[in-house]
Amino acid sequence: MKKKIINGLKYWGQLLLLPVYWLSFLVPGNKNIWVFGSTFGRRFADNPRYFYLYVSQHSAYQSDKLAQRVDAWKKEGHEWKADEDCLTIRAVWISHNKEIVSFLQSNGYEAYYYHSLKGIWMALRAGVYLFDNYSKDINFWQSGRALKVNMWHGIPLKKIQADNRFDLFRHPKNSWEKFKCFPRNLSDEKPSHYVLTTSEFMRPIFSSAFRTEHVLVSGYPRNDRLISDVLENVLPELEEKELEKITSFRERDSRGKMVYYMPTFRDSEKKFFDVMQLESFQQFLKENHILFCVKLHPKSKLNAQFKELQGEAIQVIDKDADPYTFLEEADVLVTDYSSIYFDFLLTDKPVVFFDYDLEEYLSDTREMYFDYEAFTPGMKAKNQEELEEALKEAVCHQKVTDMTENEKYQEIKRNVFDETQNAASPRMVQDIKDILKIR
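Using my numbering, read the sequence shown as starting at 1162 and increasing by one per residue.
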């Protein structure tokens, strides 16, 4: 009860910050200061992470430490190319997590805690806010003058935002519900100036979901990790440990294949344990030289339960780790309705759809933008037997490992991505600078 009261006071207390927001319009902005944040300020992840790394590594605003890192990385033979559009940009990560700030600063990057004097000043001066949920990922109350670009966190199969009729916040049932949503509607949902997507095919979907005509089709910087070599990824300690744990599997078993299980978040995710006999599944994995890597959604409540299963054939990646650190290691992706499978199409590797609760999901959780069968290019499994059979096809019999000749797979990839070869980050820098010139 006490926690509920405290949360209520925090929620409604946001309204007291309105004067701060109005005053933020009076602070002179700087179009060359771009601030980044992710997942309500908690994580260093997703599109903002990789775009921030790209801009920082190509900017003239580099610490000596970062400049040395970039020089060393270039000498290793990577695809690094000078990007003059980045030279004048000062990239700053603003976080609600002090550990992230310390990690980035220790690697030569500019980052500040959102309540520090420097963090507040940068948030007030910034000409551009880049985030993957809401401007509150950085600090909405100080964002008055900034161009706000929502980089979002996935290409939707399931309906999102205003298109999701099951979302009671965006579709309140009565006047009281509307009133309760007012503070969140103000600070979380205040419309972004622009939202990011990956193709002209996806433009109308994002326009409808976010109720805006301002859609950038620059592509997702997080996919630069899959299709290019234009930036150096910088791994927090958690991700380094998780990656080492997984890659050591290949050293132990030269025949080994990596299968990544990355489901979406939903209430019915716990049914996984109802449809699986995990002891026999582990035996199947061992016999077929498969490492089953589980990476749950950050909102999932099952991380601890899955970690109890860890062993020789099953590893669990911490749910707060960024999946794009690990995705290129996968030989096969197993998912359900998660948008991550769209990104995985860029690898031309097989996807298995473990859709054991499809009917329930469609009836009371989410509708979809596309026909599920038509827009999911991979084998389907509703139980353990079908999942094992699909994995045999994908990694044991070597029948579908290379998907370059799969017509359905390639057609969906062409629809979802206008660009499948070249990095998104350079295009996005240019697109944002073009917008700033006309503002």
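Keep in mind that a hint or two might mislead.
[Stated by the list, open to error] Okay, derived cross-link-like pairs now, DMTMM-like style, lysine to aspartate or glutamate, Cα gap no bigger than 20 Å in a straight line:
| # | residue 1 | residue 2 |
| --- | --- | --- |
| 1 | K1447 | D1414 |
| 2 | K1510 | E1568 |
| 3 | K1432 | D1492 |
| 4 | K1235 | E1430 |
| 5 | K1236 | D1225 |
| 6 | K1431 | E1245 |
| 7 | K1468 | D1390 |
| 8 | K1431 | E1412 |
| 9 | K1192 | D1225 |
| 10 | K1574 | E1469 |
| 11 | K1406 | E1473 |
| 12 | K1468 | E1566 |
| 13 | K1447 | E1374 |
| 14 | K1594 | E1374 |
| 15 | K1447 | E1469 |
| 16 | K1236 | E1448 |
| 17 | K1242 | D1532 |
| 18 | K1510 | D1595 |
| 19 | K1242 | E1260 |
| 20 | K1259 | E1547 |
| 21 | K1541 | D1563 |
| 22 | K1510 | D1525 |
[Unchecked claim] What follows is a list of derived Cβ distance ranges for each label pair:
| # | residue 1 | residue 2 | range |
| --- | --- | --- | --- |
| 23 | K1543 | Q1443 | 12 to 22 Å |
| 24 | E1546 | W1234 | 20 to 30 Å |
| 25 | H1450 | D1390 | 46 to 56 Å |
| 26 | S1368 | E1401 | 34 to 44 Å |
| 27 | L1597 | H1450 | 49 to 59 Å |
| 28 | S1368 | I1167 | 47 to 57 Å |
| 29 | H1239 | D1435 | 19 to 29 Å |
Since the hints were made in silico from the structure, they are not lab data. All residues carry an ideal CB built from backbone N, CA and C; glycine is no exception.
Hints the structure violates: just list their numbers, smallest first. 3, 4, 6, 7, 8, 9, 10, 12, 13, 16, 17, 18, 19, 20, 22, 24, 25, 28 and 29
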